[in-house]
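Chemist: Spelled out, the chains give:
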Amino acid sequence: MQMIKVENVVTAFGNRIIHDGLNFTIKEGEIYGLLGPSGCGKTTLLREMVMLQKLTSGKIEILGKNVADIRREDAQNLRRQWGVLFQFGALFSSLTLAENIALPLGEYTRLSKKMIDEIVAFKLSIVGLKQSDAFLYPSEISGGMRKKAGLARALAMDPKLLFLDEPTSGLDPISAREFDALILKLRAMLGLTVVMVTHDLRSIYDTLDRVAIIDNKQIAYEGTLDDIASVKSEFIQTFFREKL
Amino acid sequence: MKKVFSIESIDENLLLKFEGKMSLYEVTKYERKLAGIQTTAIKNITIDLTNLDELDTTAAIFIYNLQKEFSSKKVTLECYDEKLLSTLELVQENMLHYNENVKPQKLSFLQKIGKIFYDYYDGFSAFIEFFGQLFASNLRYLTSLKNIRYKEIAFEINESAIKALPIVALTSFLIGLVIAYQSAYQLKIYGANIYIVDMLGISIFRELAPVITAIVIAGRSGSAFTAQIGSMKITQELDAMKTMGFEPFAFLVLPRIIALIIAMPILIFVADIMAILGGMIVSNVDLSISPELFIDRLSRVVAAKHFFVGIIKGPFFAFLIATIGIYRGLIVKDDTQSIGFNTTKSVVEAIFAVIVCDAIFSIAFTNLGI
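The listed protein sequences correspond, in order, to chains A and B. Just so you know, we're using my numbering here: the first sequence kicks off at 1 and counts up by one. Just so you know, we're using my numbering here: the second sequence kicks off at 1 and counts up by one.
I should point out that these hints are in silico values taken from the structure, not numbers from a laboratory. Cβ atoms here follow ideal geometry from the backbone N, Cα and C, with glycine treated the same way.
What follows is a list of derived Cβ distance ranges for each label pair: (1) D74/A / L170/B: 43 to 51 angstroms; (2) S94/A / K112/B: 17 to 25 angstroms; (3) L170/B / Q76/A: 43 to 51 angstroms; (4) Y150/B / G143/A: 33 to 41 angstroms; (5) G20/B / Q53/A: 36 to 44 angstroms.
Restricting the straight-line Cα-Cα distance to at most 20 angstroms, the calculated cross-link-like pairs of lysine to any residue (SDA-like) are: (6) K74/B / E12/B; (7) K103/B / L136/A; (8) K21/B / D53/B; (9) K114/A / N101/B; (10) K21/B / W82/A.
Generate coordinates for the entire structure from the input sequences, incorporating the hints supplied.
Modeler: Next up, the structure:
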């Protein structure tokens, strides 16, 4: 089943064209990577998928709904089915970690306080945070912890679809590998579909099923990592040199 | 997808059967359904997940809780699906160390009082430290004309004074108008029309124009200083400046203070003119005092010292507004709420400081016979 379908997406900021006709599809249960050099518009594409930014033209379908032209209820429904992890966590600074994670649960479900506390403790535990961290404020923790807490918040509603913006950047190598393992585990158990922007080679080889490499406003390569050596692109040749 | 939860109870056996899809939206419903069941007589509980297709982690926590809750009885879990089992296992692993009694530390009454006073003391000593730094950098940078950052000062004068001219002018014009209008009515009763000039002249020059200007500037520039410097602190721009050897005091603090000190007397002067203009219009309309007569009397009865007293206050007010605004900006903590909190504080404190300062001036000048 197709989770996400990107069709002829064009993005322009004023006269500056960022994407010039992107096409790819992401299937259910896949871990899909968006790669490319800095400034190629990976994060912009991710933002377009989660309806934070408008497309100039083209179409992005998520779970069969065109996000460029969507009714409010459908959009809200879609937002409940995905979780988004921003590059720097984007935790609400006036709330503790526990309150950050409990926020969507409290707003969208009728779960009891006790149950929510347990869910919060569970989510903190799977991302590798301690239960006692729950009462800290985002300003009191390190960047890596903010990221883990951001993931815990993204996972709060058990989403079907997870968008991750550079999930392992800023994490120590051990945490980064644990993060990769967690993503794989969650995919295996919950059938999660994951879309991530990343630069971490280890993470790319360990977790990604397929990738889209954006270079020069277009898709330079799309598919599995096995055939990547054959592609004639300066970015790909340089980036993947170590493993080739 | 169907979502079914059925309960069968035969003698000492209880069968809890979950079918279809089970997610966080169903859990509360199931919890309620289960709460209505008498379980004291039951010895064996079977949780049947054989027909369950989907289970999210919240539902898995629910199942885990059931197992724990009935741990005194014999609980059997019937589940053969690998995926569901691994989800349950993940929950079990992670919930093993869960302790519901871990709560944030509550402070006792005495601790709270102590904390409040210590915070005040801390705030006060931080303010003293800020003043010390300000004085030290004054010594360092103002000893030579070369060190003064004219460009930044000019920029700040434009930002916080030139652009504030219209609002200061309008506010003081309206104040002049209102004061004159209210007193015209009273003076008319006694036939003391002409004395409106004395009254307006002294009250506007000495008190109203400086204080009104200071309040407008505290609301406009004081808050802007706090918000600007506070957000620069959050985005680590201040840290970046320090590592590059640009002293924030020289680049951000002194130019703003100096700019406001220069600009304030000018703004007060404008406020004087506009307020008197407002009064003059009302006097002409209401009390038929012609502008010529008004100005003639103004120059005869209102001594120049009243005007200078008002102007002299300007730099002092400016210093208070700017230092409080900047100080509040510099103590912003690393979260967004802190900016709002400190901005509010900076405006309130600046206005309060201005009024206290004005009171001190008032007493001092009166005792000096000025």
